[in-house]
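Line by line, the protein sequences are chains A and B. Here the first sequence stands for residues 8 to 350, where the numbers follow this note's numbering. Here the second sequence stands for residues 8 to 350, where the numbers follow this note's numbering.
Don't read these hints as lab results, they were simulated from the structure. Be a bit skeptical, because a hint or two may be false.
Said to hold, decoys possible - The calculated DSSO-like cross-link candidates involving lysine-lysine, where the alpha carbons are at most 30 Å apart (straight line), are:
| id | chain 1 | residue 1 | chain 2 | residue 2 |
| --- | --- | --- | --- | --- |
| 1 | B | 212 | A | 243 |
| 2 | B | 89 | B | 10 |
| 3 | B | 194 | B | 206 |
| 4 | B | 10 | A | 270 |
| 5 | A | 259 | B | 89 |
| 6 | A | 270 | B | 18 |
| 7 | B | 270 | A | 215 |
| 8 | A | 270 | B | 270 |
| 9 | B | 259 | A | 259 |
| 10 | A | 259 | A | 243 |
| 11 | B | 215 | A | 270 |
| 12 | A | 215 | B | 259 |
| 13 | A | 114 | A | 89 |
| 14 | A | 243 | B | 259 |
| 15 | B | 194 | B | 259 |
| 16 | B | 89 | A | 206 |
| 17 | A | 212 | B | 151 |
| 18 | A | 243 | B | 18 |
| 19 | B | 10 | A | 243 |
| 20 | A | 259 | A | 305 |
| 21 | A | 194 | A | 40 |
| 22 | A | 151 | A | 40 |
| 23 | B | 215 | B | 243 |
| 24 | A | 18 | A | 307 |
| 25 | A | 114 | B | 243 |
| 26 | A | 259 | B | 212 |
Said to hold, decoys possible - Stretches of chain B that chain A covers, calculated by requiring three or more beta carbons in the stretch to come under 8 Å of a beta carbon on chain A:
| id | stretch |
| --- | --- |
| 27 | 269–277 |
| 28 | 286–295 |
Built from N, CA and C at the ideal position, the CB exists for glycine as well.
Okay, here's what each chain looks like letter by letter:
Protein chains: 2
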Amino acid sequence: MTKQRQIHLAKRPEGMPSMENFNFVEADMPTPKDGEVLLKTLYLTVDPYMRGRMRDAKSYVAPFQINEPLNGGVVAEVTESKSSQFNQGDIVIGHLSWEEYTVANEKHLRKIDPNVAPITTHLGILGMPGQTAYFGLLDIGQPKEGETVVVSGAAGAVGSVVGQIAKIKGCRVVGIAGSDDKIDYIKNELGFDEGINYKTQDVYKALKDACPNGIDVYYENVGGEIGDAAISLLNKFARIPVCGAISSYNNKEADLGPRVQTKLIQSSALMKGFVVNDYSDRFNEGAEQLGKWLQEGKLKYEETIVEGFENVPDAFLGLFEGTNVGKQLVKVADPEYATLPNR
Amino acid sequence: MTKQRQIHLAKRPEGMPSMENFNFVEADMPTPKDGEVLLKTLYLTVDPYMRGRMRDAKSYVAPFQINEPLNGGVVAEVTESKSSQFNQGDIVIGHLSWEEYTVANEKHLRKIDPNVAPITTHLGILGMPGQTAYFGLLDIGQPKEGETVVVSGAAGAVGSVVGQIAKIKGCRVVGIAGSDDKIDYIKNELGFDEGINYKTQDVYKALKDACPNGIDVYYENVGGEIGDAAISLLNKFARIPVCGAISSYNNKEADLGPRVQTKLIQSSALMKGFVVNDYSDRFNEGAEQLGKWLQEGKLKYEETIVEGFENVPDAFLGLFEGTNVGKQLVKVADPEYATLPNR
Numbered sequence: 008m009t010k011q012r013q014i015h016l017a018k019r020p021e022g023m024p025s026m027e028n029f030n031f032v033e034a035d036m037p038t039p040k041d042g043e044v045l046l047k048t049l050y051l052t053v054d055p056y057m058r059g060r061m062r063d064a065k066s067y068v069a070p071f072q073i074n075e076p077l078n079g080g081v082v083a084e085v086t087e088s089k090s091s092q093f094n095q096g097d098i099v100i101g102h103l104s105w106e107e108y109t110v111a112n113e114k115h116l117r118k119i120d121p122n123v124a125p126i127t128t129h130l131g132i133l134g135m136p137g138q139t140a141y142f143g144l145l146d147i148g149q150p151k152e153g154e155t156v157v158v159s160g161a162a163g164a165v166g167s168v169v170g171q172i173a174k175i176k177g178c179r180v181v182g183i184a185g186s187d188d189k190i191d192y193i194k195n196e197l198g199f200d201e202g203i204n205y206k207t208q209d210v211y212k213a214l215k216d217a218c219p220n221g222i223d224v225y226y227e228n229v230g231g232e233i234g235d236a237a238i239s240l241l242n243k244f245a246r247i248p249v250c251g252a253i254s255s256y257n258n259k260e261a262d263l264g265p266r267v268q269t270k271l272i273q274s275s276a277l278m279k280g281f282v283v284n285d286y287s288d289r290f291n292e293g294a295e296q297l298g299k300w301l302q303e304g305k306l307k308y309e310e311t312i313v314e315g316f317e318n319v320p321d322a323f324l325g326l327f328e329g330t331n332v333g334k335q336l337v338k339v340a341d342p343e344y345a346t347l348p349n350r
Numbered sequence: 008m009t010k011q012r013q014i015h016l017a018k019r020p021e022g023m024p025s026m027e028n029f030n031f032v033e034a035d036m037p038t039p040k041d042g043e044v045l046l047k048t049l050y051l052t053v054d055p056y057m058r059g060r061m062r063d064a065k066s067y068v069a070p071f072q073i074n075e076p077l078n079g080g081v082v083a084e085v086t087e088s089k090s091s092q093f094n095q096g097d098i099v100i101g102h103l104s105w106e107e108y109t110v111a112n113e114k115h116l117r118k119i120d121p122n123v124a125p126i127t128t129h130l131g132i133l134g135m136p137g138q139t140a141y142f143g144l145l146d147i148g149q150p151k152e153g154e155t156v157v158v159s160g161a162a163g164a165v166g167s168v169v170g171q172i173a174k175i176k177g178c179r180v181v182g183i184a185g186s187d188d189k190i191d192y193i194k195n196e197l198g199f200d201e202g203i204n205y206k207t208q209d210v211y212k213a214l215k216d217a218c219p220n221g222i223d224v225y226y227e228n229v230g231g232e233i234g235d236a237a238i239s240l241l242n243k244f245a246r247i248p249v250c251g252a253i254s255s256y257n258n259k260e261a262d263l264g265p266r267v268q269t270k271l272i273q274s275s276a277l278m279k280g281f282v283v284n285d286y287s288d289r290f291n292e293g294a295e296q297l298g299k300w301l302q303e304g305k306l307k308y309e310e311t312i313v314e315g316f317e318n319v320p321d322a323f324l325g326l327f328e329g330t331n332v333g334k335q336l337v338k339v340a341d342p343e344y345a346t347l348p349n350r
C-alpha cells in the first residue's frame with residue numbers, strides 16, 4: 008500500500024458547514040524518521056469546537072488551514088516504529104491529522120492500555136470531554152450538596168459527565184437535551200432528576216418547574232435561548248461554567264440575546280469561560296478521579312460510533328443536528344497487530 | 008415647626024423616569040421613642056441603582072413602595088436624642104427615608120467625625136461608592152501591575168475611584184465617559200492614561216487604539232454597546248466585575264446585544280456580578296484603606312451638589328443624562344447645632 012486518504016478543509020464555511028467544506032485527497036503513505044512512528048488511525052473524534060477552528064480568526068486553538076488536513080484527537084496503532092518508546096502494535100492517543108495513516112513524533116503521543124478501559128474512552132469520558140466536564144463543573148461550578156445543577160447539551164459527551172458528577176456530589180440535576188430518547192437516557196440510565204426536551208417544551212417554563220429552588224450552577228454547553236432561560240433563574244451567588252455555545256457556532260449574523268449584566272448583578276452570579284487546556288497541569292488528577300468513578304460504576308457513558316473514514320464529515324455535521332448520544336466517534340479501521348479485549 | 012416634607016414614589020416609571028413619578032407630601036414632624044433620635048437631613052445621595060428599586064421586581068434590594076417615601080444613604084444631624092449613644096449635634100449616617108426630618112433607631116446609625124474628612128465623603132469615596140469600587144476592582148478584577156484596566160462610567164462616583172485604585176496598583180487605566188470635560192477630568196485630575204468620549208467616538212475602535220495590549224480587567228458600570236465593545240477586546244483570563252448597567256435601567260424592551268458566551272470561552276474570561284453588600288463583613292477593611300489613600304493624597308474625588316430638597320428628583324433624573332461628575336448629592340439643609348470645619 009503506497010497511497011492513503013486525507014480529509015482537507017476545502018473552504019471555510021459560512022453558516023452551517025456542509026460536505027463541500029471537506030475534500031478527500033489521496034496522499035502518499037508517510038515515512039517515519041528517527042523518533043517518529045507510523046500510525047494507523049483506528050478511531051477519531053469529531054467535536055463541536057472544531058467549527059470554531061474552521062474560521063480564520065484568533066481563538067484558543069489555531070485555525071484549520073485551507074487545503075491542509077484537519078486534525079483532532081485520534082486513537083491509533085503503531086504499525087512501524089523508529090522510536091525507542093513505542094513498539095509495533097502499541098495503541099496510542101494524540102492530536103493528529105485526519106488521515107488513514109500518519110506519522111507522529113514520540114513526544115506527541117501517549118500509550119494507552121487496552122486492558123484497563125476500552126480504547127475509545129480516551130477520546131471520551133477519560134479524555135478531553137471527561138476532563139472538560141470535571142474541571143468546568145468542579146473548579147468553576149463548585150457544586151455543593153443539595154444545590155440545583157442545570158446542564159445543557161445534557162446527553163452529549165461533556166454534559167452527560169457533568170450531570171453524573173453533580174449527582175455524585177449530591178446535587179439535584181436537571182438536564183436539557185433535544186429528544187425524548189435523550190431525556191429518557193439521562194433520567195433512566197444516568198440518574199438525572201429531571202430532563203427537559205428543548206425541542207418540544209418551553210424551556211423557561213420547564214426549567215422554572217424543574218428548579219423550584221432556583222439554579223445554583225448552570226453548566227453552559229449551548230448558549231442561545233436555552234442559556235438565556237437558565238440565566239433568568241439564577242440563585243444568589245450562582246455559578247455558570249461556560250464550556251460551549253453550540254447553538255451559535257454556525258451563525259452568520261451576530262448572536263443577539265438579552266444582555267446578561269443586570270441578571271449577573273441581581274444574583275451576584277459568576278460566569279466564567281474556559282477551555283480544557285486551562286487545566287492541563289491538572290489532567291492527571293482529572294483522569295485519575297474519572298477512572299476511579301468509572302471503575303466504581305458511578306459513571307456511565309455512551310458512544311455513537313460511525314464506521315468508515317469516508318463518513319467523518321457526516322459525523323461532524325451531525326453534531327449540529329444533535330444526532331449523537333454521548334461521544335461521537337468515527338471508527339476508521341481495526342488494528343493490524345494489536346488484539347483488543349472483547350467487551 | 009410641626010410639618011415637614013417627604014418625597015414619595017407616586018407611580019412606577021415605565022422607561023425613563025420623570026417628575027411625575029415623584030410626589031412631595033407634607034407630613035407631621037416625627038417624634039422619637041426610647042432608643043431613637045430625631046434627625047435633620049443634611050445631605051442625601053441619589054444613585055443609579057435606585058432606578059431598579061422603582062420596579063416591583065425581586066432584586067437585591069427591596070423595591071420602593073408606591074405612596075411611601077423613597078430612601079437611601081443620608082447624612083443627618085441629631086436634633087433630639089432619646090438614645091444614650093447619640094447627642095444633639097452629632098453627625099450620623101444611615102439608610103434613611105427621603106424627608107426633611109426623620110426618626111431612626113440608634114442601631115441603624117453610625118456617628119461620623121466631621122474633623123477627619125468632609126461629612127459628604129461618607130456618601131461617596133469613603134461610603135458605598137468607594138467600597139463598591141474597592142471590592143469590585145480588587146476582589147473580582149484582581150488587577151496586576153502592568154495590566155490594562157478599562158472602566159466605564161469613569162467620571163462617576165464609582166468609576167473615578169476604580170481608575171485611581173487601578174493606578175495605585177500600577178495598571179494602565181483607560182476610562183470611558185460621556186463628555187470632553189469628564190475626559191479632561193479623569194486624565195488631567197485623576198491621572199488616567201487614556202479617556203474615551205463615548206458620545207463622540209467609536210468606542211470599539213477607540214478602545215482598540217487605547218488598549219494595544221488588550222483588556223485584562225473591564226470594570227462594568229454601564230452595559231449596552233460600551234460593554235459589548237470591551238468584551239470584544241478581552242485578553243486571556245480577563246476579569247469583568249459587573250457593578251452596573253445604567254444604559255439599560257430605563258429600557259422598556261429587553262436589552263439585546265451580542266451574547267457573551269463565545270467571547271468568554273475564547274478568552275477564558277470571568278464575569279461576576281456583585282452588589283456592595285456582598286462585602287459587608289469587610290467594610291472596615293475598605294473604609295480604612297480608602298481613608299488612608301485619601302489622606303495620603305492618592306485618591307481624589309469630586310462631588311456634584313445640588314441644593315434644596317425640592318431638587319432631589321431632578322438630581323436623580325440627571326444621573327441618566329450624565330450631568331454629574333463624581334458623586335451626585337443633594338444638600339438639604341445646614342446643621343442646627345453642629346459646627347462643621349471650614350475647608
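Status of the hints after comparison with the structure:
1. B:212 x A:243: 36 Å, violated
2. B:89 x B:10: Satisfied, since the Cα-Cα distance of roughly 21 Å is no more than 30 Å.
3. B:194 x B:206: 17 Å, holds
4. B:10 x A:270: Status violated; Cα separation ~42 Å.
5. A:259 x B:89: It is violated: about 69 Å lies between the C-alpha atoms, which goes past 30 Å.
6. A:270 x B:18: Roughly 24 Å between the alpha carbons, so the hint for residue 270 of chain A and residue 18 of chain B holds.
7. B:270 x A:215: Between residue 270 of chain B and residue 215 of chain A the Cα gap is close to 27 Å, so the pair holds against 30 Å.
8. A:270 x B:270: 18 Å, holds
9. B:259 x A:259: Within the cut-off at roughly 28 Å; holds.
10. A:259 x A:243: 35 Å, violated
11. B:215 x A:270: Given pair residue 215 of chain B, residue 270 of chain A holds - Cα atoms ~27 Å apart, limit 30 Å.
12. A:215 x B:259: Holds. Residue 215 of chain A to residue 259 of chain B sits at ~23 Å (cutoff 30 Å).
13. A:114 x A:89: 12 Å, holds
14. A:243 x B:259: 25 Å, holds
15. B:194 x B:259: 35 Å, violated
16. B:89 x A:206: Distance of about 65 Å is beyond 30 Å: violated.
17. A:212 x B:151: Since the Cα atoms of residue 212 of chain A and residue 151 of chain B sit roughly 43 Å apart, the hinted pair is violated (cutoff 30 Å).
18. A:243 x B:18: Since the Cα atoms of residue 243 of chain A and residue 18 of chain B sit roughly 28 Å apart, the hinted pair holds (cutoff 30 Å).
19. B:10 x A:243: 42 Å, violated
20. A:259 x A:305: Violated: residue 259 of chain A and residue 305 of chain A sit about 41 Å apart, past 30 Å.
21. A:194 x A:40: 51 Å, violated
22. A:151 x A:40: Violated - the C-alpha atoms of residue 40 of chain A and residue 151 of chain A are around 52 Å apart, more than 30 Å.
23. B:215 x B:243: 16 Å, holds
24. A:18 x A:307: 38 Å, violated
25. A:114 x B:243: With a Cα-Cα distance of about 27 Å, the restraint between residue 114 of chain A and residue 243 of chain B holds, given a limit of 30 Å.
26. A:259 x B:212: 22 Å, holds
27. 269–277: Per the Cβ count (9), the hint holds.
28. 286–295: It is violated: at least three residues are needed, and the stretch 286–295 of chain B offers just 0 whose Cβ sits closer than 8 Å to chain A.
Violated hints, in rising order: 1, 4, 5, 10, 15, 16, 17, 19, 20, 21, 22, 24 and 28; the structure is consistent with all others.
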